[in-house]
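Number of protein chains: 2
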Amino acid sequence: MIPTKGYAVQDAKTDLAPWNFERREVGPNDVQFDIQFCGVCHSDLHQIKDDWGGSIYPMVPGHEIVGKVIKVGSHVKKFKIGDFAGTGCLVDSCRTCENCQEGLEQFCLNGFTATYNGIEQDKKTPTYGGYSNTIVVHEDFVLHVSDKLDLAAVAPLLCAGITTYSPMKHWKIGKGHKLAVLGLGGLGHMAVKFGVAFGAEVTVLSTSPKKEADAIKLGAHKFVVTNDAEQLKSVAGNFNFILDTVSAPHDLNLYLSLLKTDGVHICVGVPPTPYEVHAFSLIGGRKSLVGSLIGGLPETQEMLDYCAEHGIVSEIEMIHIKNIHNAYDRMIKGDVRYRFVIDMATL
Amino acid sequence: MIPTKGYAVQDAKTDLAPWNFERREVGPNDVQFDIQFCGVCHSDLHQIKDDWGGSIYPMVPGHEIVGKVIKVGSHVKKFKIGDFAGTGCLVDSCRTCENCQEGLEQFCLNGFTATYNGIEQDKKTPTYGGYSNTIVVHEDFVLHVSDKLDLAAVAPLLCAGITTYSPMKHWKIGKGHKLAVLGLGGLGHMAVKFGVAFGAEVTVLSTSPKKEADAIKLGAHKFVVTNDAEQLKSVAGNFNFILDTVSAPHDLNLYLSLLKTDGVHICVGVPPTPYEVHAFSLIGGRKSLVGSLIGGLPETQEMLDYCAEHGIVSEIEMIHIKNIHNAYDRMIKGDVRYRFVIDMATL
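Note that the protein sequences, when read in sequence, are chains A and B.
Following our numbering, the numbering of the first sequence begins with 1 at its first residue and continues without gaps.
Following our numbering, the numbering of the second sequence begins with 1 at its first residue and continues without gaps.
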């Protein structure tokens with residue numbers, strides 16, 4: 001077994017603290033990499049606190065993981081020592097169901113293995129995430145990361161990036177479309193970058209007027225303050241797509257009214273309470289309310305390659321691991337521009 | 001003005017009763033027809049009772065109207081005296097917005113004129129529906145009805161028919177698809193007929209085991225009792241589409257779990273309270289919750305022609321106008337197979 005340092009939460013009430021644990025040995029198809037950076041996702045906080053239920057403790061969070069390969073198994077073909085590598089939200093899946101066969105491992109019908117707070121396909125071994133110095137992952141779930149980009153700023157692409165890239169590709173958002181991005185946080189700022197790169201006219205919808213300058217700097221064409229009734233009215237029936245990154249409760253009926261006929265409202269955030277949706281909000285204008293979850297392995301690699309080609313990375317603020325609680329407090333207040341990334345050398 | 005007999009409700013608290021009123025004179029582009037049959041739609045009941053708000057009294061309900069043309073204006077080209085004709089939920093729209101231009105008059109951006117409980121495009125004249133002996137409609141909003149079909153059984157096609165036909169065409173439901181029809185009432189039984197005609201494998205989901213024989217007779221391939229947990233479990237992750245015709249409150253999360261990855265849940269009923277939808281119900285499996293509203297004029301004519309070609313009509317129970325309240329009582333109890341149609345000769 002591989003002795004490993006990490007930051008873990010021991011139960012739903014304790015805080016993250018240093019923890020020594022062991023990783024599995026590098027098997028024939030495994031890649032071990034030295035974790036250099038790990039992004040801090042809002043879902044880390046939800047899972048630490050067991051907001052969604054079913055959390056497994058002790059828990060080492062983190063699923064926006066990048067680093068350098070330090071060991072490869074004898075059968076590994078895709079990686080060699082010294083390569084930059086990344087792992088996102090999945091470290092395994094059944095590989096046999098129709099979704100896995102199609103590269104939609106995020107929808108594995110037998111349940112994918114989450115990078116942390118998950119269970120391996122042996123149905124008993126817990127998984128530990130990226131707030132750690134090293135990780136061992138089957139090569140099929142390790143992604144190539146370009147050396148052309150700032151490695152730390154690549155980390156958030158593994159979750160925030162693919163979560164916004166995938167639905168835009170699936171619903172073919174691009175030229176000629178008016179896209180609203182609801183919420184300018186970790187996901188939202190990536191959605192703006194992709195929306196602009198794909199050729200859409202991008203409007204940021206935000207409760208915070210202070211974010212307008214940033215939105216424009218990120219490439220957005222317009223900015224609308226959502227609690228200004230007049231501003232909202234000016235975009236009624238305006239958008240082909242809304243990409244909704246908000247994980248706090250919010251009134252979807254209001255946003256559905258901003259869609260054109262046949263418009264699509266895409267949810268990628270997970271509020272703690274159900275949405276309340278009036279049938280008339282969908283029926284009037286034949287609108288769609290849809291969900292999307294991260295992306296499969298082939299699409300995640302495609303996204304990383306696209307980002308390398310187009311120079312797209314996340315806007316980040318680097319933190320010391322010991323400041324993780326302060327980072328969470330700031331995330332809750334929305335005080336992050338736009339993703340915290342832990343420098344794992346500080347562990 | 002044309003003296004007209006009808007059945008009207010005078011305010012939200014009174015019952016339907018005989019009422020004499022006047023229709024507009026037949027203008028150059030108008031068609032007047034003798035109403036022979038009018039279907040009874042669940043929405044008649046909602047609007048009489050002002051369940052959705054904004055009802056206009058006195059109200060003559062009815063938007064599944066068929067009869068024979070008795071007068072045409074000097075410029076009318078599409079109809080001649082003696083033709084069978086029908087009118088559905090719309091009698092006018094702005095005709096100039098992008099949706100009207102595309103034949104999506106049901107999504108008229110300036111507001112279509114509902115056949116009853118609506119306001120003409122002059123923004124002041126109320127409209128009166130089909131519980132009446134005659135009606136005058138602009139020829140663009142009058143539909144040709146085949147003389148090959150039972151005229152009384154055609155009436156419900158004008159609302160129940162197009163409401164189910166349109167989303168099936170829009171989402172291209174057909175061969176190779178597993179379609180669930182939720183609720184076997186006026187809309188549901190038409191959805192089964194169209195689903196089967198389009199080549200889908202059709203399963204009826206119903207709370208009422210008594211409806212199984214009818215479902216199979218209508219052409220459904222399978223029947224699942226929705227309050228039998230075991231039966232429901234057997235169809236988890238099973239359907240490409242659910243066509244949801246239920247207008248009573250129901251748990252969408254349960255039904256979303258019956259969809260395959262990328263499945264689509266289509267709402268055509270309007271429950272009085274909002275749906276409660278967990279984000280995870282959509283995100284897990286990239287599912288869509290969508291709405292659809294009747295159909296535009298070109299598609300409604302296409303549907304009527306399709307029905308004439310394929311011998312599709314509604315299953316009806318003919319009633320005398322004086323029994324309309326009894327019919328409503330039975331509709332509320334779900335005791336209708338599958339659409340009441342008023343013989344307007346009884347007026």
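Among the clues, some could well be false.
A pair holds if it fits inside one copy or across any two, identical chains being indistinguishable in the list.
With a straight-line cut-off of 27 angstroms between C-alpha atoms, the simulated DSSO-like cross-links for lysine-lysine are [said to hold, decoys possible]:
no.: 1; residue 1: K49; residue 2: K123
no.: 2; residue 1: K169; residue 2: K222
no.: 3; residue 1: K169; residue 2: K49
no.: 4; residue 1: K260; residue 2: K123
no.: 5; residue 1: K68; residue 2: K148
no.: 6; residue 1: K222; residue 2: K124
no.: 7; residue 1: K124; residue 2: K233
no.: 8; residue 1: K333; residue 2: K172
no.: 9; residue 1: K217; residue 2: K175
no.: 10; residue 1: K172; residue 2: K260
no.: 11; residue 1: K71; residue 2: K260
no.: 12; residue 1: K123; residue 2: K233
no.: 13; residue 1: K68; residue 2: K175
no.: 14; residue 1: K233; residue 2: K78
no.: 15; residue 1: K217; residue 2: K49
no.: 16; residue 1: K260; residue 2: K175
no.: 17; residue 1: K169; residue 2: K260
no.: 18; residue 1: K222; residue 2: K233
no.: 19; residue 1: K80; residue 2: K13
no.: 20; residue 1: K217; residue 2: K13
Bear in mind the hints are in silico, worked out from the structure with no lab data behind them.
May I ask which of the numbered hints given earlier this structure violates, with the numbers listed in increasing order? 3, 6, 8, 11, 13, 14, 15, 19 and 20
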